[in-house]
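Participant: Below are the chains, spelled out letter by letter.
Protein chains: 2
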Amino acid sequence: MMTTHEILLDAAGAKSAVAAADTATKNRALLAMANALVENSDAILAANALDMDAARGTTGEVMLDRLALSTARLEAMAEGIREVAALPDPVGRVLAHVERPNGLVIERTAVPMGVIAIIYESRPNVTADAAALAVKAGSACVLRAGKEAHRSAAAIVEAMREGLREAGLPETAVNLVEDTTRDSAGELMTASGLVDLLIPRGGAGLIRACVENATVPCIETGTGICHIYVDAAADLDMALNIVENAKCSRPSVCNACEVCLVHKDVAEKFLPMLKERIGGRVELLLDERAAGIISGKRAGARDFDTEFLDYILAVGVVDSLDTAMAHIAAHSTGHSDCIVTADDDAAERFLRGVDSAAVYVNASTRFTDGGEFGLGCEMGISTQKLHARGPMGLQELCTYKYIIRGGGQVR
Amino acid sequence: MMTTHEILLDAAGAKSAVAAADTATKNRALLAMANALVENSDAILAANALDMDAARGTTGEVMLDRLALSTARLEAMAEGIREVAALPDPVGRVLAHVERPNGLVIERTAVPMGVIAIIYESRPNVTADAAALAVKAGSACVLRAGKEAHRSAAAIVEAMREGLREAGLPETAVNLVEDTTRDSAGELMTASGLVDLLIPRGGAGLIRACVENATVPCIETGTGICHIYVDAAADLDMALNIVENAKCSRPSVCNACEVCLVHKDVAEKFLPMLKERIGGRVELLLDERAAGIISGKRAGARDFDTEFLDYILAVGVVDSLDTAMAHIAAHSTGHSDCIVTADDDAAERFLRGVDSAAVYVNASTRFTDGGEFGLGCEMGISTQKLHARGPMGLQELCTYKYIIRGGGQVR
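The listed protein sequences derive, respectively, from chains L and W.
Offset between the first sequence (1-based) and this note's numbering: plus 100.
Offset between the second sequence (1-based) and this note's numbering: plus 100.
Derived from the structure by calculation, the hints contain no laboratory data.
Check before you lean on any hint, since a few could be wrong.
Just some of the chain W residues that point at chain L, by a computed CB distance under 7 Å [said to hold, decoys possible]:
| # | residue |
| --- | --- |
| 1 | E312 |
| 2 | T315 |
| 3 | L409 |
| 4 | I412 |
| 5 | L451 |
| 6 | G508 |
| 7 | V510 |
Label-pair distances were calculated between CB atoms; the ranges are [unchecked claim]:
| # | chain 1 | residue 1 | chain 2 | residue 2 | range |
| --- | --- | --- | --- | --- | --- |
| 8 | W | T123 | L | R265 | 52 to 58 Å |
| 9 | L | E179 | W | G508 | 29 to 35 Å |
| 10 | W | A176 | L | K364 | 52 to 58 Å |
| 11 | L | A304 | W | G305 | 53 to 59 Å |
| 12 | W | T281 | L | T423 | 21 to 27 Å |
| 13 | L | M373 | W | E271 | 44 to 50 Å |
| 14 | L | R402 | W | N313 | 27 to 33 Å |
| 15 | W | E271 | L | A332 | 32 to 38 Å |
| 16 | L | D419 | W | A146 | 27 to 33 Å |
What you are looking at is a predicted structure, and each value in this text was computed from that prediction instead of being measured.
The beta-carbon is built from N, C-alpha and C at its ideal position, and this holds for glycine as well.
Based on the sequences and whatever the hints tell you, model everything.
Facilitator: In structure tokens:
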């Protein structure tokens, strides 16, 4: 078995070649990686079957479904890689150009990060997505899959490396950590000088562990306690559609709505409508005032601070826009929050005052997504303020440097 | 004494008001802060005299000079704040605007960080600079000065708070940590949810401590082992001017040159010129091959990995551009590195291949500075790749959020 340190050195050795690769080479590699996934379907599905066998019994249905691969899912993964190939190359863009009075020409230019490490859990498709985005962004990557998905991830990486070799890129541009104990995650978090960016993709526990222990630059992703505030001036039918969509269209994702706050002036009318529309599918957890209007289960102490990721919605009644904003400031994870209102002043106050990655007026929080924002595929949704906020596309996987051309200037 | 936690809560309480302040209000506050510094000169100089008295005896001349204030230095600090007032407001700029096919209008908009913490050492002027930049960037700040400068910093903050009050901003927009033990630095590093950005400004030890211990987002600043590579195709007179300027114009700063690498084909000619030009002022530490050409002290094992911040220069001879770039990759801190050459191909290879915040052709590394880059005043020079790289001006002290305006769209 290769040690994690050896794997990090492999990635470091590959990073110059990946960074120097031109757009055509990177795209050729990506298309070859996609094809290799399909061509190696049998081997990948066999590895996945071993992972599934090992997981059965100890793992619930939802987790098993996340882990499972099929020919159709492999084809979708390949298609995802082809979509990354079709995106514009983020490397080399000149972000700012200035000619100084002394004649120095200074260009702020997008350049690759170098080595990107991604720690994730059981979804094998993250292996392909993350590798494709890293390669397109000109970086080598070191992937660490969850133990339960390791055999699948290894087979996927082996196939993708075929594609890299075909395109003349070093196969060590994409690496999978072989040690599946917790040690290897810790090593990635503290590999100063060898990891330029660490991205944890997974549950709240993993992300907290990275934020607390990482000494390498790290981006916090994903936890979403998203709010929809139905203002006194809301179009209630619109509000109903938005809450229904944000809660029910895919409850397991981070941009799903977990909390609905309703202005007291419309609560008497809106809450019965809400109960009728989604009460059959969604468990409504009511604060005291909401429970005075509709019947249902009372919310517990932690229910306004829980990412349910399920058909559950905490519902509260508030006195004003200000109370709603104060509640959001105290309970939001800074992912996506929305106001439904026909009052432009209320909308602007909400947009300015709510400190989240995505702040909406009159639209579902489910739009917080790289594709929906027009950024293309994404590596995750950042809920921190440093470097990247919201969906992280290819641009956010790059850094920049200043290139200064002179003719002998001294200071 | 207020606890550090209480001070952080004060800053959190002020951040909305600072973020919401319009440009005119912030500028009025900055000008009032500058005036208050001058008006309170007596009190500030008296506090500084106490710091100086306490430091004398245990502290060297260089440190004492850093700590010392005078009427002229206070006036320069006030002028620095006025310069920040004159810079464009970084808050509210629309960084990207897209209208999606479904009619959603998505704007990526620059917004304040919230609370910026700055841990620094003995230079009292950092107190004024950092506070001014934070306020202009719409953030509250929590400053932690070194123990030896605490009385001076407290008097400066007291004066600046007068200015904030005059402009109708909360005085808790600018806060100074009262606890001068190491505990308070540790508290700032781990104040998750209360510190949005931590910037250490000081020596390598402080920066390492922050990088290793911070659980809040942190930007590594400052350490500069900067290289100048004199290529085979260099104009040697230009090279001489550049090395002299980069080494001698201000050796104590991070953008000063610490290492000169010379291509073997020009070393016989260039090294004697270098010795003649700067050998009287600068101690040249020579590698084996350089020592075969000119006489001088031999470099020790660590001399190519040392930020001298003094009239000392490590000098080596290399076989090629590639060897020079490999040396820089192994020994640079990623701050500023330069090639002197008349060969455009060599220049472009160096610019692409060297992975530092600022990469130069034919100009002194001393230009790596917010003012010289046209960014205005700076909060420090980032040597990491996340968020900000190189000089951090007002833009780099902001984050962004996505503002999405819809008409009832669901997904």
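Participant: Would you mind marking each hint as holding or not holding in the structure?
Facilitator: Evaluation of the provided hints:
| no. | hint | verdict |
| --- | --- | --- |
| 1 | E312 | holds (5 Å) |
| 2 | T315 | holds (5 Å) |
| 3 | L409 | violated (17 Å) |
| 4 | I412 | violated (20 Å) |
| 5 | L451 | holds (5 Å) |
| 6 | G508 | holds (4 Å) |
| 7 | V510 | holds (4 Å) |
| 8 | W:T123 x L:R265: 52 to 58 Å | holds (55 Å) |
| 9 | L:E179 x W:G508: 29 to 35 Å | holds (31 Å) |
| 10 | W:A176 x L:K364: 52 to 58 Å | holds (56 Å) |
| 11 | L:A304 x W:G305: 53 to 59 Å | violated (34 Å) |
| 12 | W:T281 x L:T423: 21 to 27 Å | violated (40 Å) |
| 13 | L:M373 x W:E271: 44 to 50 Å | holds (47 Å) |
| 14 | L:R402 x W:N313: 27 to 33 Å | holds (30 Å) |
| 15 | W:E271 x L:A332: 32 to 38 Å | holds (35 Å) |
| 16 | L:D419 x W:A146: 27 to 33 Å | violated (51 Å) |
Going down the numbered hints, you'll see the structure goes against 3, 4, 11, 12, 16, while the others check out.
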